[in-house]
Amino acid sequence: MAEEEDNKMAERWQKDAEGIIIFTGLFSAAVAALVSVTVTDLKQNPQDTSAFYLQNIYQLQVLADSSIPRPSIPSTPAQPPPFSPPKYAIWVNSLLFLSLVISLTCAMLATLLQQWARRYLRVTQLPRCSPHRRARMRAFFSHGVDRFRLSWVVEALPTLVHLSLFLFFAGLLIYLFNINHI
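Position one of the sequence shown corresponds to residue 1 (the working numbering), numbered consecutively onward.
There may be inaccurate statements among the hints.
[As the list claims (entries may be wrong)] Computed beta-carbon distance windows for the label pairs: (1) L163 - S36: 43 to 51 Å; (2) N56 - A156: 28 to 36 Å; (3) F166 - T40: 23 to 31 Å; (4) Q59 - S36: 34 to 42 Å; (5) L163 - T111: 34 to 42 Å; (6) F166 - M108: 18 to 26 Å.
If you are wondering where the hints come from, they were derived from the structure by calculation, not from laboratory data. C-beta atoms are modelled at their ideal positions from N, C-alpha and C, and glycine is treated no differently.
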């Protein structure tokens, strides 16, 4: 009877974990692809700096070629304006990175859960042990399951995946609303 319950519990946990691992793997790849696109908004575009200096060179050239009396050339060259990333880019990347971290954490926890379930079955169902010894080992592991609230962790994994999805969609919406306002 106890062996049947253990098998059902471990199988249920392994199936839940397997689905979470597959989903979070694919989801994390999609989030990472979007992050690789949006992270560029956090850095200054080198082409903007080049355009700034080319514009200054062009203005100096026009002044040198014109017959208009020119003002004196400044002794220190002009510097491009300091860069600060747009607020939406900070929000988008924060949400996407947080989503990615939570998703990868779920995958890691699901992998640990699978390993634990396999080990639980292997250790508690050793065929060469006496029924009394197997019962003691099962009681020991069962106490550990209760003490570390493993069933709570199993139930929390899908909630964390949903949180990760929510953060991803929030970041995606902010990105899409601001993409045309650049």
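Going down the list of hints, with the structure as the test:
Against the hinted window of 43 to 51 Å, the Cβ-Cβ separation of L163 and S36 comes to about 22 Å, which falls outside the hint. In this structure the hint that N56 and A156 lie 28 to 36 Å apart at CB is violated, the actual value being about 57 Å. Judged by the Cβ atoms, the range 23 to 31 Å given for F166 and T40 holds: they are separated by roughly 24 Å. A beta carbon spacing of about 37 Å between Q59 and S36 agrees with the range 34 to 42 Å that was offered as a hint.
Under the hint 34 to 42 Å, the C-beta atoms of L163 and T111, about 19 Å apart, miss the expected range. At about 20 Å, the CB distance of F166 to M108 agrees with the hint of 18 to 26 Å.
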